[in-house]
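There are 4 protein chains.
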Amino acid sequence: MERRNVGILGATGMVGQRFIQLLENHPWFNITWLAASDRSAGKTYAEACAWRLDTPLPERIAGMVLQPNTPAAAGPDLPRIVFSSVDAPIARELEPLFAAAGCAVISNSSAFRMGADVPLVVPEVNHGHLAMIEQQTTRSGTKASGGYIVTNPNCSAIGLVLPLAPLEARFGIEKLFVSTMQAVSGAGYPGVASLDILGNVIPYIKNEEEKLQEEVAKLLGSATISGFQPAPVTVSAHCNRVAVLEGHTECVSIKLRKPATQEQILGAWREFQPLQGKGLNGLHLPSAPLFPVEYAPEDTRPQPRLDLMRGNGMTTTVGRLRPCNLFDWKFTLFSHNTIRGAAGAAVLNAEILAVMGKFDFRDFPPVASGASSAELISA
Amino acid sequence: MERRNVGILGATGMVGQRFIQLLENHPWFNITWLAASDRSAGKTYAEACAWRLDTPLPERIAGMVLQPNTPAAAGPDLPRIVFSSVDAPIARELEPLFAAAGCAVISNSSAFRMGADVPLVVPEVNHGHLAMIEQQTTRSGTKASGGYIVTNPNCSAIGLVLPLAPLEARFGIEKLFVSTMQAVSGAGYPGVASLDILGNVIPYIKNEEEKLQEEVAKLLGSATISGFQPAPVTVSAHCNRVAVLEGHTECVSIKLRKPATQEQILGAWREFQPLQGKGLNGLHLPSAPLFPVEYAPEDTRPQPRLDLMRGNGMTTTVGRLRPCNLFDWKFTLFSHNTIRGAAGAAVLNAEILAVMGKFDFRDFPPVASGASSAELISA
Amino acid sequence: MERRNVGILGATGMVGQRFIQLLENHPWFNITWLAASDRSAGKTYAEACAWRLDTPLPERIAGMVLQPNTPAAAGPDLPRIVFSSVDAPIARELEPLFAAAGCAVISNSSAFRMGADVPLVVPEVNHGHLAMIEQQTTRSGTKASGGYIVTNPNCSAIGLVLPLAPLEARFGIEKLFVSTMQAVSGAGYPGVASLDILGNVIPYIKNEEEKLQEEVAKLLGSATISGFQPAPVTVSAHCNRVAVLEGHTECVSIKLRKPATQEQILGAWREFQPLQGKGLNGLHLPSAPLFPVEYAPEDTRPQPRLDLMRGNGMTTTVGRLRPCNLFDWKFTLFSHNTIRGAAGAAVLNAEILAVMGKFDFRDFPPVASGASSAELISA
Amino acid sequence: MERRNVGILGATGMVGQRFIQLLENHPWFNITWLAASDRSAGKTYAEACAWRLDTPLPERIAGMVLQPNTPAAAGPDLPRIVFSSVDAPIARELEPLFAAAGCAVISNSSAFRMGADVPLVVPEVNHGHLAMIEQQTTRSGTKASGGYIVTNPNCSAIGLVLPLAPLEARFGIEKLFVSTMQAVSGAGYPGVASLDILGNVIPYIKNEEEKLQEEVAKLLGSATISGFQPAPVTVSAHCNRVAVLEGHTECVSIKLRKPATQEQILGAWREFQPLQGKGLNGLHLPSAPLFPVEYAPEDTRPQPRLDLMRGNGMTTTVGRLRPCNLFDWKFTLFSHNTIRGAAGAAVLNAEILAVMGKFDFRDFPPVASGASSAELISA
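For the record, the sequence lines run as chains D, C, X and P.
Residue numbering for the first sequence follows the numbering used here, beginning at 947 and increasing consecutively.
Residue numbering for the second sequence follows the numbering used here, beginning at 947 and increasing consecutively.
Residue numbering for the third sequence follows the numbering used here, beginning at 947 and increasing consecutively.
Residue numbering for the fourth sequence follows the numbering used here, beginning at 947 and increasing consecutively.
What the hints contain is simulated information worked out from the structure, not anything from laboratory work.
Predicted, not measured: the structure shown is a model, and the values here were computed from it.
Some but not every residue of chain D turned toward chain P, in silico, with C-beta under 8 Å: (1) G1137; (2) S1140; (3) L1141; (4) G1145.
Where is the CB? At the ideal position from N, CA and C, for every residue including glycine.
Working from the sequences, and respecting the hints, build out all of it.
Structure representation (structure tokens):
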């Protein structure tokens, strides 16, 4: 089976490094193009990048030369699939250029997440929203080229929406408090100064509470012909930075629309395997964990130190489900913020796009070219 | 002015060490008696104690010999004022013995906090509750000896109730969501293992959520002839341990009974100086900060590293007051957990008891012996 | 190929947990027996153990019942190979019992490391010392049963001796300064209190400097008919505990007996592959890294965060080789303290014992039974 | 007594903040002028500075307007005493301008530390070197204006040279091995990225080993008519960054020229009070600790957490004096890097310059104008 060529915009940043780590041995994708800012273009990846992951920088990547970050500069080398992890202002400028050039832009940036026809997707939660790509290409005039932008949510929203999705489906969620304790890797590199976080808590992350609040509603909402309808859930978030390297912990209190027992909630999580069904033509997405939500029964779980790599960093661990004095239930969740919450989220989006035929290149092997997203929405 | 003799039960623990730090140069109190478990009794304080504070162990204290922890063993050396910071099961056994022996027991233990006639007091919030001492001595038969038990709340409840008190007074508080990030010193020494907290969060502190929820209601409630009436406030708490040495951070969302603007809330905090009035006979409590609640206007405050020693560790710092999607307002607070939240709380309780004549020894100078708590309640 | 049955003494401790992690899927060994103190015996492993590793506790192990820690109690279930990671005073009592009962005791304890006929072994450095097993069994009267004790060094000695060994072989080492920055996991669980290490350094680890100094000399020395001859190297160690979870960093200055250029030293490390030769009958030890010493050329390396899992935690990373004003050269090394420095060290010792026929059970497949250790010494 | 006006170059940096903290209530000095880079000039201090100290920013300073950093721009407001903590390249350009304009520049920068006629001074160690000011003013042509540059050492050199000085005086020091564990505050703000130091060690600080090695020799050396003579001590340094906020820990092995017993070394430290004698005209320098070196007898000391503020951050704590296998003795020291190691060092230099009449303004009260440095050298 031939692997698809892919490129990375913002390849040297923290999320860019994770893209390389996750894609270098990916069975479906093959990194052929790395782009960086003008300052770095022309250097090899090894020269330009302060590699900060605890697995080695792959030698092949180390020697690749960073390209200027425009489709024009890429010319015929431009891959049709481009992962993007550049900062929002840059994404706002660059990503439409790549879509116009015919690329499927799989973006981790916040720039277009709330766009009226831009899918904001976590495959286990709302891959049906990908049907909106058609409206996007029509509106933006990229129908001919086939280019489009698909986004994944903010790192703290992804970890949260996974355990919420099966509760929304079975009981409905009316209200939600969430208080986060987020890792420093979420701020990139150099990011948070050590003088600010050693032995400390910073009770503020710029724009994070707003993103978390609005993205959850869009993710749990619906995608119809007239646009996205956010779910009628009211979210109030408190976002904090703590002295943790990787992984966001979130304390949640929820009010449901229908009563649910503890066992019913645990059951909803246990049985939540939305990508294992026949809807995806029986294909398994390589980055999808068998269980996207796992419950840890011990009082002291989840914990960053012990639960970070569950499901290869793609599983949200939930714990401490107990009654809430104010709402119905409260619990704590934990999720890897740069794998499930960023690069892994985008890779999983690419995988489901592949299976859904959204990379509609005739020669792509794992999917019957006729598979329509309509079939998949009911998965 | 002669200083009162005081003793310390549990003198070698983390809170015991803070008692020594705060009392050694106290203008009103003089440490004459230190007690410890049987294992340590007979040793000097320096021998028995792993001093963990960053100010030097006072030489006088270092040489004092630890006594067995019973009134009988103390004999005529038993001081009439005893600070206690022993674990709850031990406090449950020992503190009544000392009260029966005629001591005013100023306890930081959780053992009797919710007792039907035991005052749970933060002087700025509810010193009127100290009137309940009379019922306690009547009920327990210690009226003749004059002994009683007075408690201060859990560390996370104290920091929280200070900014709540003026809001309760002006607007009423109906509901309250609180999520904490608590320092390791709250667990004593050796307490939290480094393997459990370095680069980690533990989303659980045994019994902490329950204590926080019930103590806040008692503190904001009233003390009447028929007992304590908890305030009709519903609290839901999420308690977490983080890699911070000292100081608890708490994220709060509140629903008020009467609407309040942001400026009205800030005003309530700014003007909250309950111990500065004439009610205390014009006396200043040495450990009382001028402002028990201070607002830090920067987005990134409060922070453990920057706000720990505000008001000598006795001031709660509040920040980030902003509207809440679900309730009315949300904010973040920070409070020193072993000073304001433990030893300093007990010392402040002792100071107000002194001023109120509850150490009714004829020769105690700073208060007219006839001062009744009734007068003070309106302070 | 049938796997050998093995047991673990001290199975619930931090090193015991690493034994389970490393052995559960080991191609040559099969855990059939777990022992613990009287307090834990009779419980399942899951009940008795506070699992602290970031990989899941294997289900099979979780359900195994902990046995009392004597050979007698084990009866016919006693495995012939026993890994031990109990504290030194307990090891001093128990390990000879198991050796007397015919077990090969592969110990991580310090109890017998300096014993006159007990091999202290790092396979890449001095597996020839295993020839001393014969004298041990003769002296201790376990010749009939075949039981013996083999030890691995202290965690800080292992990381150090690996890059020293090829320098000793080529140039001779006369003097050595070493200053360590050691991880908290080395102290076990609960071990170091968080109040002692958060934002702190503790410049003392009990007995560590002595162990490091004497073990290095034994490891680099020779084993002859008249006993072990320590190498004539003088070591001065400063040992410190730092706020790192796993992995010891060591700063080293060395005086060589023969001059060596920087390139010669780098070459000595690069070419150091003592277990890849024909000496081991062409067999590869499953836990042996391809390169036991790797050099990281960047100024800022090695680092715990980036180099911990090099060689699956079995490789020592060296960096910053530069001239020393006082001696000849200085460099920094880093090594995983609970894998290469403890459990992995013992497992590697077991592997080389297997290959050398020291588990001389007829049915053990991977080695010709006639392989003598003499052949191997020259490897 | 009137206080001298002083200014600060680089007022908003970490060391600049410490200058403000230490000088705002100084009995001899009065901050009247604050300068910053062009980017900040014109803003108030509060606007331009991210205050990172745990004591409040003084209100008076908060409102002061930052000035451009040239003497010309200051005009008549230029104070005659200027503290400098700008980066070396900027110091190299700016400090001579201020000296030429007649200012005594008290610099913490490394730019001119090794200058042939620039005193590098720790008052307790070598204030006699200040006599070199005369040669400097002659050479540089600032004799008329009276301006000059005086420097203090690198933070890690200051902590080290204090306990060395009395040993050098009594026994002579021939060789010295030192391995440091340095706090992140030494790198300024934002400085070390949290991703680089949380749970980590970085075995490298740019140029630090070189500075430490050469500065110690200059500090322990002599100042004669023909220039500075470094002491004949050979130093080899290993410098590391650890996850500590404030305070450098250093492990030291020393070879003395004359034998010394443990008690003789402890005595040398105990009796080291070089600034308490008659040499300084009986004056006490406000920032000088009573004992610049204190010995902590516990095995586990010194520690950043417990010893940071000894002597208000100006005392070096020494511990663990014990024999060294290679040299004579080894010990561990700890010193506050931004107080004693930077701002406090410069302030103490200013104090001794004042007492020595080097701010030779007629109206300066605490010193007889005729006090010559020659008298003081023998102190």
